[in-house]
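Participant: Sequences listed follow chains A and B, in order.
Each step along the first sequence adds one to the number in full-length UniProt numbering, with nothing skipped, and position 496 is 496.
Each step along the second sequence adds one to the number in full-length UniProt numbering, with nothing skipped, and position 361 is 361.
Think of the hints as simulated: they come from the structure by calculation, not from any bench.
Bear in mind that the values here come from a model prediction, so they are computed numbers and not experimental data.
Be careful, since some hints might not be right.
[Unchecked claim] With a straight-line Cα cutoff of 25 angstroms, these simulated BS3-like cross-link-like pairs (lysine-lysine) come out:
1. A/K889 to B/K56
2. B/K188 to B/K409
3. B/K53 to A/K889
4. A/K28 to B/K518
5. B/K82 to A/K673
6. B/K188 to A/K390
7. B/K119 to A/K657
8. B/K539 to A/K390
9. B/K209 to A/K390
10. B/K193 to B/K169
11. B/K188 to B/K209
12. B/K302 to A/K471
13. A/K879 to B/K46
14. A/K657 to B/K512
15. B/K302 to A/K456
16. B/K162 to B/K150
17. B/K539 to A/K657
18. B/K539 to B/K136
19. A/K434 to B/K82
20. B/K409 to B/K150
21. A/K430 to B/K119
22. A/K196 to A/K113
23. A/K879 to B/K56
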Amino acid sequence: MRSVSLYHHLLCFSLLLATHLTSVSSWKRDEFRNCNQTPFCKRARSRKPGSCSLIAADVSISDGDLTAKLIPPNPENPEDHSPINPLILTISVYQDGVLRLKIDEDPSFDPPKKRFEVPDVIVPEFLEKKLWLQRLSEEVIGTDSGPSSVVYLLDEYEAVLRHDPFEVFVRGKGGKRVLSLNSNGLFDFEQLRVKKEGEDWEERFRGHTDTRPYGPQSISFDVSFYGADFVYGIPEHATSLALKPTSGPGVEESEPYRLFNLDVFEYIHESPFGIYGSIPVMISHGKARGTSGFFWLNAAEMQIDVLGSGWDAESGIALPSDQSRIDTLWMSEAGVVDAFFFVGPGPKDVVRQYTSVTGTPAMPQFFATAYHQCRWNYRDEEDVAQVDLKFDEHDIPYDVLWLDIEHTDGKRYFTWDRVLFPHPEEMQNKLAAKGRHMVTIVDPHIKRDESFHLHKEATQKGYYVKDVTGKDYDGWCWPGSSSYPDMLNPEIRSWWADKFLLENYVGSTPSLYIWNDMNEPSVFNGPEVTMPRDALHIGGVEHRELHNAYGYYFHMATADGLVKRGDGKVRPFVLSRAIFPGSQRHGAIWTGDNTAEWEQLRVSVPMILTLGLTGITFSGADVGGFFGNPGPELLVRWYQLGAYYPFFRAHAHHDTKRREPWLFGERNTELMKEAIHIRYALLPYFYTLFREANTTGVPVMRPLWMEFPADEATFSNDEAFMVGSSLLVQGVFTERAKHASVYLPSGQSWYYLNSGTAYKGGRTHKMEVSEESIPAFQRAGTIIPRKDRFRRSSTQMENDPYTLVIALNSTQEAEGELYIDDGKSFEFAKGAYIHRRFVFSNGKLTSSNMSPSASGKSRFSCDCVIERIILLGYSPGPKSALIEPANQKAEIELGPLYLRNGRSPTVVTIRKPNVRIADNWTIQVL
Amino acid sequence: MKLRLTFLFFLLALIGRSASVPSKDLLGIAPQDEIYYKASSSGTIKCRDGSMKFTKSQLNDDFCDCPDGTDEPGTSACPNGKFYCRNAGHAPLSIYSSRVNDGICDCCDGSDEYNGNVKCSNTCWEAGKFAREKLKKKIATYQEGVTLRKKEIEQAKLTIAKDEAELSKLKNEEKILKELVQQLKEHKEQIEKAEEKERLQKEKEETEKKEAEEAQREKSKSMEEVPSQGQPMESENHDKIGLLENSPSDQDMGEQSTDNSGNEDVSNNEEQEDDAKKEEESPVAYESGPDSVSKEPKSLSKEELGRLVASRWTGENTGEQTREVDAVKDDKPEISKAPTDAHDEEYEGYDSEDESQRYNDDDDEEEERTEDFGQENHDDFSSSYKSVSDDELNLSDVTASSSPSWLEKIQQTVRKILQAVNLFQTPVDLSEAAHVRKEYDDSSSKLSKIQSRISSLTKKLNHDFGPEKEFYSFYDKCFEIKQNKYVYKICPFKQASQEEGRSTTRLGNWDKFEDSYKVMLFSNGDKCWNGPDRSLKVKLRCGLKNEATDVDEPSRCEYEALLSTPVLCVEEKLKELQDKLDLMNKEQPQGHDEL
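Produce the entire structure from the sequences given, and follow the hints as far as they go.
Facilitator: Structure, rendered in structure tokens:
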């Protein structure tokens, strides 16, 4: 019983500890290629403006498209690239102001290989929106020597193809340019060719060799945005919302923004380097012209330079100079030019136009919009039960409990560690009895273990991605030696989807949903921690050509699996880390392995806003920060901010201390609970916004300038954001902050959520901040629906009554919306929903139906009522209100703004109108 | 108005149907609170927080008027309210108002679900029966436990008294002995002075004699050494600290080698990983661009690279075998990392050397455990722990004989010596001189033993043993839990550890009691890679035996264990439980026939 420990000594331990602190490693820049180590990037970046001299020839209309051939000015005397075959250029026009430009090699010249075009990203409905071009006009523009071909695009917008040198642009009223391609003559297209004797195509990086059997095949070009003050977009990067220039005079030497899906260990908070996702969509915005957008559908590695003004000072190219302009340089390793121009002119127009191409965000299940509790790892069933119990003990609502990789049997997904989780169904059912859900992780790497049925099957069927020699590619990930299903192949995706059927996924229940991690794909021993570029997919497609879309296809297959499981009736929920255009159709995404630091809290806002601008609205950052231990203040601030993220999940690395909300003392528990309550109270509002995103593409969380496109002060603000059009939230990103500067956009006043007090818009307010909350404001003229009763989970809130918060503007008017459906099925798509519009004017609140009347076969009904109506900005006086058509009276009194402990400011309240949410009615203040 | 009436009717209908649901006014109100809601004569009731007033008709009208929930004890309207279920036949329960009419039966009498959306059957009687049985058992345990606890406290009092008596006796003896030692010292020094003088005088003559003298001195010196070996001398203590600074890495290396010897595969991987780590840590390997590129495949196989990268997230080896492994192994990167910062080369030499050394040390340790505690300690903490037993053993020849005679004997001897030895006799009587020296050495050795015992007793008595010193006996106890391949050792007031084979991980040193003596906290244990220092919380429960169970690691490197002991069986709690049982027995359901 006498434990003798001879060798330990406190002093020595503190010494050891000190040495450790210095050896903590973080992001390793050298492990990833920079532009100079990436030959195609280096070449493209070194090209001089005007070096492209291709000419558009044989311009004509065919099959409703404008087509042309791009040829060198003097085909007899080819310059730098020999031999050069003509390229085929196609311009198509779609409804709502979308121009599509394709440039590829001419198949009639029999190139060695068909270049890869990314399938299954463009939604079929988009193709139906094609306008069949009939006419083509020619004109000579300005001082040009040659002609240009012009086709109609939308209203006053036209698409123009200048012939010599070739240039494509969109112009609006008065011939003013909106967007253009190759105006700076940086276009370059490396054609596939046969290897010459003695030529070395291999590329080496840190001990990895890329055989590059097809040689150089990169594409680069410049895109100009006119009337632009800033450009935004091209996630995923941990950087500011308004993209900083990466090259040009006065710009510090910088890498281009890289789009290459990578599993970056401990990414840093300010960097143009590529992380988990790639969405090659850029949006420009300026006071002069409004908003426009550009999208290049290409899944190979991409690098994008934002060129600071004056970058081309010596080029001698004269672009129309009466318009402010931002030039950008786009470079990709492979693929084709398949680019889309969006004319705007408003921010929401561009988002709508873009999501008409790649699809609008899926409508999530209601529970998924609530709070998620995650950790690597909830260890066993008892741990799960304990955490669940603690939420109940503290009366903190939550909806989903997550299990990370340790729940599996040796990292074999679809299996359970039967020691830790002997009764998975029972565990899930226990949660489900409280209306809660569970999520388990399923990653794309499959353990190479002969006894693992999934591996056996995938091997037999030949479903794995192959290495350059044609053998199943063998990489290293969590389970050790692993292989990766070829998700490009629809047959394999369908096979994968079947694995989620209840009979196939042993231990799963209908309340179980899925998390796709590591789908960049992450390969621990691969080049740059991913798959070699010369690995092979179906049809001989090289991994380099589709790399950025691998995770997208995996996400798609998993979401399809859950749809199959629910017999096509239940909406899936799948969280993915890797992203590509179109990911919004398959589920939520999160910003990956962030760190518990204040700066990472700050950067989460521009990261999520940027994703929203490019279609991905259901996103969030790990609340608390994945790596490291947040102090209680940071954690509380993160909850306060995270409550407004579209996707609200707390997560932590397994080496961190436990950080469930009740572990930091009573006061902090109270604060985190309050933050979670705010989210639950606003769930009806959030859900309405998710529906808006689902129909229009407009994100739930928006940059201020999306709502106030004329207010220049908002253009580069990425510390504050809008939730919908009614709520403005300002983050607090510093420790022990006593004040926060909040810019409230002009035009309206704003009601401070904490007090109901109005603040003037169009100026910056220095607000006092307390630990209790971060500043948030309701815009005057809006109505927000709320539910003020809290339950264990969102599921039990279904029948609870609503509160309407009416924030009156200067003319004593306001309006808002509420969308409700069954929160689970696809019936809403057939019209089974309630969509109400609330308008307050002349002292009367009117509820009217927004859904197309009797359009759907399916109906949704709800007996919910409105129990309380709060009027902000209304002087007290009236004592009652008349409800019609019921002809009842409701009392008006001063009631609490919030039903929380402690004193609440009092506000004019219509008490218990108890009108049904589904009905038409009016409430007249008497 | 209509709606409110409907609601009332609905409630009335419910009340008519079910006897367990009180009237609307009283819904969700605890009996002791009924008075609060009846009290006012003006027809209004105050919100408890004083923020507002509400009328009787606003009580339980499903609209929240008081932010603190006073007006809606029986509905879910106020988020901060509480709903009281009577649960006749079982224990009453106060639940959050968020549970009212949420479709989930929370009260066993079903009173929380009255809106008709879900039917809850009354399960109070069955549940109550079960709960009462359990409670009765618990009470029985407490009853017995309370007695045991009293005994424990009495015993503690006796032991403390004994220890305190011993302490004061020792202090007394120390005082006397100190004086004697001082006298002997002076005497010895005088003799030595005389001898020195004599030596100088007779230096040139009688070489043979001198040799003999030398021989004699040698002899007496060797006699000195034997008993002094086990003495914790001041100077040795200083040396010890110097030695200790190396010990954790010794330990770590030892752990590693132990693991390695256990599994050939693992050891290979680990070594490789170590190499890989070094490669990574060394800035040259990564930053020198093209040069390092070609080097890399040589130093790392693909698999090793995979493991290496994985280890960044996990801080451990990702290999199948090792991933399933324990917290001790999780520390591997720490081990390989720590020294790299300093000097790689040194580290490598160190490595092999220490491994063998560690094995030896380990053997020593084993022997020590099985044989005796005679060896000197290297660890400050465990030394103090062991010194208790040390002194008990070594002092047994002096204290255990307990007759006052040993001290008197010494006193007498000293007196004799002081009288007998003629300092001015020349030549110095050699046997007498030796006698003095021996007497001095013996006495000072005894003194230091007594001093050490005093210090350990003082240290012990200074601990917080609880308001009634009820934990006194725990000072000399350790508790063991075997779980899978680990043995957890919990030594209250000292330290806690996790042992796996030969390797020991410290879970913490004794820190304090927490939660009014219901939790023992051990903190500042071995550092976790990328995590906190290990710590252990021992939750104490009333039980009839002192027994530790259920070690758990709810958060990485934060351990928890249960310890049942009669010491926790307090009388007040017993009374509370009995009251609870009485209440449960009293509140039989009137209409147990509802089902």
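Participant: Hints first: check each against the structure and report whether it holds.
Facilitator: These are the hints, each one checked on the structure:
1. A/K889 to B/K56: 20 angstroms, holds
2. B/K188 to B/K409: Holds. B/K188 to B/K409 sits at ~19 angstroms (cutoff 25 angstroms).
3. B/K53 to A/K889: Holds - the C-alpha atoms of A/K889 and B/K53 are around 22 angstroms apart, at most 25 angstroms.
4. A/K28 to B/K518: Cα-Cα ~47 angstroms, so violated.
5. B/K82 to A/K673: Holds, at about 17 angstroms.
6. B/K188 to A/K390: Distance ~73 angstroms between B/K188 and A/K390 Cα, so the pair is violated.
7. B/K119 to A/K657: 42 angstroms, violated
8. B/K539 to A/K390: 18 angstroms, holds
9. B/K209 to A/K390: With Cα atoms ~88 angstroms apart, B/K209 and A/K390 exceed 25 angstroms; violated.
10. B/K193 to B/K169: The hint is violated at about 36 angstroms.
11. B/K188 to B/K209: Between B/K188 and B/K209 the Cα gap is close to 22 angstroms, so the pair holds against 25 angstroms.
12. B/K302 to A/K471: Roughly 16 angstroms separates the two Cα atoms, so the pair holds.
13. A/K879 to B/K46: Holds - the C-alpha atoms of B/K46 and A/K879 are around 22 angstroms apart, at most 25 angstroms.
14. A/K657 to B/K512: 21 angstroms, holds
15. B/K302 to A/K456: Given that 25 angstroms is the threshold and the Cα spacing comes to 23 angstroms, the pair holds.
16. B/K162 to B/K150: 18 angstroms, holds
17. B/K539 to A/K657: 19 angstroms, holds
18. B/K539 to B/K136: 23 angstroms, holds
19. A/K434 to B/K82: 19 angstroms, holds
20. B/K409 to B/K150: Given pair B/K409, B/K150 is violated - Cα atoms ~42 angstroms apart, limit 25 angstroms.
21. A/K430 to B/K119: 19 angstroms, holds
22. A/K196 to A/K113: OK: A/K196 and A/K113 at ~16 angstroms, within 25 angstroms.
23. A/K879 to B/K56: Given pair A/K879, B/K56 holds - Cα atoms ~20 angstroms apart, limit 25 angstroms.
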